[in-house]
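Start from the sequences, fold in the hints, and give me the full structure.
Quick note: this note's numbering has the first sequence finishing at residue 1829, numbered continuously throughout.
Hints listed in this document are in silico derivations from the structure and should not be mistaken for laboratory results.
Just so you know, these numbers come straight off a predicted model, no measurement behind them.
Wrong hints could be hidden among the right ones.
Simulated restraints, written as ranges between beta carbons of each label pair [as the list claims (entries may be wrong)]:
1) D1639 / P1292: 24 to 34 Å
2) F1552 / L1496: 37 to 47 Å
3) E1288 / E1363: 19 to 29 Å
4) D1661 / L1550: 44 to 54 Å
5) L1310 / E1359: 50 to 60 Å
In silico lysine-lysine, DSS-like type, Cα no more than 27 Å apart, as pairs [said to hold, decoys possible]:
6) K1642 / K1804
7) K1746 / K1700
8) K1653 / K1687
9) K1548 / K1483
10) K1565 / K1648
11) K1403 / K1368
12) K1746 / K1821
13) K1416 / K1438
14) K1804 / K1760
15) K1426 / K1438
16) K1687 / K1648
17) K1802 / K1763
18) K1426 / K1403
19) K1746 / K1760
20) K1401 / K1468
21) K1760 / K1775
22) K1368 / K1548
23) K1493 / K1507
24) K1729 / K1763
Beta carbons are placed, not taken as given, at the ideal position from N, Cα and C, and that holds for glycine.
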Amino acid sequence: MNKELVERLLPGLTHDISYYEELYPKRNLGDGAIVTRYAPSPTGFVHLGNLFMLSIARKMARQTNGIVYMRIEDTDQERLVENGISKIIEAVKQFGFTFDEGPINEEEEVGSYGPYIQSKRKEIYQTYAKELLLKGLAYPDFTTKEELDMIRSEQEKSKRRIGYYGKWARSRFLSEEEIIKKLDEGKPYIIRLRNNGDFNNKIVVMDAIRGKLELPEDDIDQVLIKNDGLPTYHFAHVIDDHLMHTTHVIRGDEWLSSLPIHVNLFKILGFELPIYAHFSPLNKKDGETIRKLSKRKDPELAVSYYHEMGIPSEALMLYLATVTNSNFEEWYLAHENEDIDNFTMSFNKVGISGTIFDMEKLLSISKNILSKITALEMYDKTLEWARKYDKEFANVLEKNQDLAVKTFNIERNSVKPRKDFAMFSEVKQGIYYMFEELFKNENYEWQKINDINEIKNILDVYLNKYYDEKDSEEEWFNKMKKMCDELGYASNMKEYKQNPEKFKGNVADVSTVIRVALTTKSKTPNLYDIMQILGLETIKKRFALVNE
RNA sequence: GGUCUGUUGGUGAAGGGGUUAAACACGCGCGCCUCUCAAGCUCGUAUACACGGGUUCAAAUCCCGUACAGACUACCA
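Here you go:
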């Protein structure tokens, strides 16, 4: 196609492709270094599936001393969401992710292969499209939406393969005169690839995860540049990953069927094909069907949800790693104290059938993590969460740091610590009774001993005759047993089990009375520790409240 | 309709022709321990390799069909 006409189709371009080829030279990295990207669209909140891809990309780049960059794919102007980029950056930051290159806020970015926002790369794409036009490998298409619909329905009727290809691609036969005439009339147009591919040919691509893939060659005259001057995903992907020298394209398997388009474009443009790694995305069980996690249908899987629930980001990362590499979990169990970064992930250990997201497993991982951190860390993290989602609780925690830390420390510093919290949002429910501000003398969960006079009697005898703050745990329990003997309860559980009818109850029943009197709950951590932390004055007060 | 991908127990999954191997983790259940709970420990979770053919002395594992599920089939990504 002649130069003048091409410049009329894509006006205002000041460079040619050699300029860009020189502007973005090959990266100087070691052997085996993986350059990969996280390429989200700013079309809403960040989704667990996005985070999944990101964790993989980042891990692969890190373990090969490579580069992971973020590229914003905002070529669909209609679906853009306000502050979309900031939302992504924010969400990703919450999980401790950083990038070697890419946008750092709506305005600024780091890295020398930018811009990293596709809408700012318009001229680049157009320059390459211009090159294809000049070579006769692309052409303008004035076909309207209605005309395309007609072509489609014709194809459907005659049971042909659907798409803009071969003889159906009418605009590829337009003469330059006809093009000029339509331009003069001011008709809108797009730029399409003049594809010489043959659908009956097979192409073979090696996928890092799936191995050998045999696919039909693409023969559709793909849209390169849309009516608004921006490229389609396909064209932008090929240009960007070439210029940014991406070595590995890590993405969801929803792209598998458009792989022939990409391979074709790489070939036509003369670019080196990157290595593709197609992951099965996270799925969800929706009633009886299993489907890919979706932004529209699963808003509860926005990563902000995990933040709100107070699931620590480490747990989410660990879970995602478990799902990603089949041998990770085993490695982790054997190397609990090591940094996750010491695990070497490999593409061939990645599962190819879609994983169903398993909340229970996530929570179990989370429980383990929270049981292993120190009481002070637990306090800090709970407070950080509460400041955002439960102001009342945050205030109480701030006023009573010492008390809170002591509480978190109950049964924590052992080889087999308590595991009762998976989420920060459950903490308050578990320990509120330790704080005067939150304790309420109602809803006592009395168990076997529920006669109020007997309860009062036990509390009375215990406080006046047996409880001594200075006792060790052993002494404390011995006294509890002594009281049981005095009041007609079994102090020895084995004896009680053999002859339950000989006693009014047993030491468990009696200590439950004290437990409930102090906390209103029948299930709590170690009672001795709770009593030590509450202190004699509070104990007296709580016992008195039972009398009311 | 076409193209592609997948299918191991209640769940996530390991394994990729061969001694009755179906690991491991989560969940659930019995029990033990125990002042309750959590944790920990025993044991268990009945017929788990979609179905039908084929290749082979031998198949969850290789091949072909069928069924089912998912993805793509846009001037969305």
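Do the hints match the structure? See the list:
Taken as a hint, the range 24 to 34 Å is violated for the pair D1639 and P1292, whose Cβ atoms sit roughly 54 Å apart. Hint check: F1552 to L1496, Cβ distance near 19 Å, so the stated range 37 to 47 Å is violated. Between E1288 and E1363, the C-beta spacing of about 36 Å breaks the proposed range 19 to 29 Å. Between D1661 and L1550 the Cβ separation comes to about 52 Å, which falls inside the hinted range of 44 to 54 Å.
Hint check: L1310 to E1359, Cβ distance near 37 Å, so the stated range 50 to 60 Å is violated. Taken as a hint, the K1642 and K1804 pair is honoured in the structure, with Cα atoms around 24 Å apart against an allowance of 27 Å. With a CA separation close to 35 Å, the supplied pair K1746 and K1700 exceeds the 27 Å bound. Proximity of K1653 to K1687 is assessed by CA-CA distance (about 15 Å); at most 27 Å being required, the pair is judged to hold.
Taking the CA atoms of K1548 and K1483, the gap is about 15 Å. The hint holds against a cut of 27 Å. Taking the CA atoms of K1565 and K1648, the gap is about 22 Å. The hint holds against a cut of 27 Å. Restraint check for K1403 and K1368: the C-alpha separation of about 23 Å stays at or below 27 Å, so the hint holds. The hinted pair formed by K1746 and K1821 meets the criterion: a straight-line CA distance of about 13 Å does not exceed 27 Å.
Taking the CA atoms of K1416 and K1438, the gap is about 35 Å. The hint is violated against a cut of 27 Å. Taken as a hint, the K1804 and K1760 pair is honoured in the structure, with Cα atoms around 21 Å apart against an allowance of 27 Å. The straight-line distance between the Cα atoms of K1426 and K1438 is roughly 18 Å, inside the 27 Å bound, and the hint therefore holds. A C-alpha spacing of about 19 Å is found between K1687 and K1648, which places the hinted pair at or below 27 Å, so the restraint holds.
The hinted pair formed by K1802 and K1763 meets the criterion: a straight-line CA distance of about 24 Å does not exceed 27 Å. Taking the CA atoms of K1426 and K1403, the gap is near 24 Å; set against the 27 Å cutoff, the hint holds. Of the supplied pair hints, the one linking K1746 and K1760 holds, its CA atoms being roughly 9 Å apart against a limit of 27 Å. Restraint check for K1401 and K1468: the C-alpha separation of about 25 Å stays at or below 27 Å, so the hint holds.
Of the pairs offered as hints, the one joining K1760 and K1775 holds, with about 18 Å between alpha carbons and a cut-off of 27 Å not exceeded. Our distance criterion of 27 Å between C-alpha atoms is broken by K1368 and K1548, whose separation comes to about 36 Å. For a cut-off of 27 Å, the pair hint linking K1493 to K1507 is broken: about 33 Å separates their Cα positions. Restraint check for K1729 and K1763: satisfied, since their Cα atoms lie roughly 20 Å apart, inside the 27 Å limit.
Comparing the model with each earlier hint shows violations of hints 1, 2, 3, 5, 7, 13, 22 and 23; every other hint is respected.
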